[in-house]
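First residue of the sequence shown: 1, per full-length UniProt numbering; consecutive thereafter.
Quick caveat, the hints were computed from the structure, so don't treat them as lab data.
Just so it is clear, the structure is predicted and the values come from calculations on it, not from any experiment.
Check before you lean on any hint, since a few could be wrong.
Said to hold, decoys possible - Cβ-Cβ distance ranges computed for the label pairs, FRET-style: (1) Arg-387 x Ala-558: 22 to 28 Å; (2) Ser-276 x Lys-574: 53 to 59 Å; (3) Pro-659 x Lys-574: 22 to 28 Å; (4) Ser-738 x Arg-643: 54 to 60 Å; (5) Glu-485 x Glu-740: 17 to 23 Å; (6) Glu-489 x His-655: 20 to 26 Å; (7) Lys-574 x Lys-415: 42 to 48 Å; (8) Leu-735 x Asp-300: 48 to 54 Å; (9) Glu-489 x Tyr-512: 52 to 58 Å.
Even glycine gets a Cβ: it sits at the ideal position worked out from N, Cα and C.
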Amino acid sequence: MSNTSRKRREALVYHAKPKPGKIEVVPTKKYATQRDLSLAYSPGVAEPCLEIEKDKENAYKYTTKGNLVAVISNGTAVLGLGDIGPEASKPVMEGKGLLFKIFADIDVFDIEVDTKDVDKFIETVKNIAPTFGGINLEDIKAPEAFEIERRLKAELDIPVMHDDQHGTAIISAAALLNALELAKKKIEKVKIVISGAGAAAVSCTKLYKAFGAKAENIVMLDSKGVIRKDRPNLSEEKAEFATARKIDTLDEAMKNADVFVGLSIADIVSPEMLKSMAKRPIVFAMANPNPEIDYQLAMDTRKDIIMATGRSDHPNQVNNVLGFPFIFRGALDVRATKINEEMKKAAVKALAELAKEAVPEQVNIAYGETRLNFGPDYIIPKPFDPRLIAKVPPAVAKAAMDSGVARQGIQDWDKYEEELLERMGNENKITRLLINRAKTNPKRIVFAEADHLDVLKAAQIVRDEGVGIPILLGRREVIKELMAEIDFEEDNVSIIDPKSDEEEEHRKNYAYKYWETRHRSGVTKYDAEKLMRERNYFAAMMVNEGDADALLSGYSRAYPTVVKPMLELIGMAKGVSRVAATNVMNTSRGPIFISDTSINIDPPAKDLAKIAQMTARTVQLFGMEPVIAMISYANFGSSKDPRAKKVKDAVSYLHRFHPELNVDGELQVDFALNREMLQSKFPFSKLAGKKVNTLIYPDLDSANSTYKLIKELNNVDSIGPIMMGMKKPVHILQLGASVEEMVNMAAVAVVDAQEKEKRAKK
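Produce the entire structure from the sequences given, and follow the hints as far as they go.
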């Protein structure tokens, strides 16, 4: 099976299993008792019904209307697939709903309408509009899309936006404003070429005009060439941008142009066209998946270029997810009657301004940058920037209020910003950041148990997604047989059998190096050579000797048996007296780090403090500021038992020698996680008013049990155990880890290797 066929199968399985689709409805109220049900439905439900009958605005108070958006399509212009019909468009609309939820905590019903008739489509949407707080039109072909949006905006009293038009326009306008600033050019004077005349291209050009671009300086092209005033039968949209210039081709239009905006097809811009543009040209080649001119070719052709594309593997990705979730968030929060030009322009300005602010370390880490700074390679924020939710919705909400389309106001903007940050979908954000960071500089990872099917599946994903470069250890014939079973192609993948004759030279070399370090600990050469036939010893020596960058093992063997060779062969990092492990739990309140989950059974106070320090550094590795609670069954001296005193002594040590850490205790876990309780009962605590993201447990029993309890009861993703304090990037999986867990741990191993490499160069 080809790689394309396998990807197709993976996509189909993703959408079909474990249950079909990507979104579901989840109750938000209690429903355990008969009393709960009588309030949820009959007879209690009559009361809010009567209140809404008195005043329709009460629907926002008593129902989900205020946080519910309809994603509506007839499937006539789906992605790059074209007119595939309403049923076939449903996976895309569900995907849009997922993005609304994870980026802005907006609930979505996707609605696929089976009609191409404009009047019937509009009538359908108008009839269902009372259910929703906003309407996101999606994948409707032009020119019908223009009329549908125009009429619905005029006839409905809730926000309506066709994202295909305005999303790209808003993001690219923000990028354009910043690019012009860097190029020291004025939007009123620049010559702009627009390749494409569809819904997105028309909306982009209108928005550029709203910011000052002059009609006489704009040339738009469609599939027939330059749109000129003397061309017959122009649509209303195209006629607005028809030029009086006597030119016919893109080649002619590009001469001395300052800006090129591509929303058309791949590879239509040649290096010669690029060279003919004005000094410091701005090129937005946004055709997907392949732009109008290859990014590297463009950069090699013009050193003074500022370029953006629609791709995530190049700087300056024009990605609609920077816009629509946050625009609707702001509109919903003031119950706006529409999304008007003022609100769109406010979103543009907020995005443009955000790109000029200092970038949080979390974003730098996610994109593998030392420091992202406003400049030619950073003219718009990154999609993973956590500040988007706090910057764009307030700007949109304020513009709605100022322009008179808001039905309720926001008085306390600081409180609103806090609420926005709290409602962010944090569950899997840290995983996305981690994977993205790993992909910026993939490393060689030894999978020490590659003759197990799930381990191979994980290695396959790691290779295919560009997270790392797998080295497969195990019985060669078994690995090859399993690879064939899952269509894992052998291209550029190393398969090593530590027991084979081919590896004899490596075994002897590794054995000698090992013996040199351990001969005074009772290890003979014979012992060393025998041990090198064991995969974990062999793998550890590969990392030690630079034949691999990182190591993953433990899927099929008990944790202690895998830890032993790692400690013997690789050992602890300089200055570390105790290794430990932490797990990251991707909870609905955000990532929570739990330590020590795998190594130290009952560490004394000083070691507990050291574990807290190492965990703090790991939290920082993920781009977060550690806020650490030292967990006990007691609160601040309420028990004199030695087990509670141990935690208290560890806190005292940290406060004395590491006052810079946000750490306190001893604390019961509910007080640690409940800010209001902690502030009320213990206002003197260093953690009062802060959101704790790190829990240090007093012993292995409690830490290991807690993380596994959270994982199983709440179906929470866990990343870990992450080994802390090792000299080299070595990470030991939990017995029977899932494929997803192994992929995440591979990303951890790569990021660990990246960080150790950086430190070694300092």
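If any of the earlier hints don't hold here, list their numbers in rising order.
The structure breaks hints 1, 4, 6 and 9; every other hint is satisfied.
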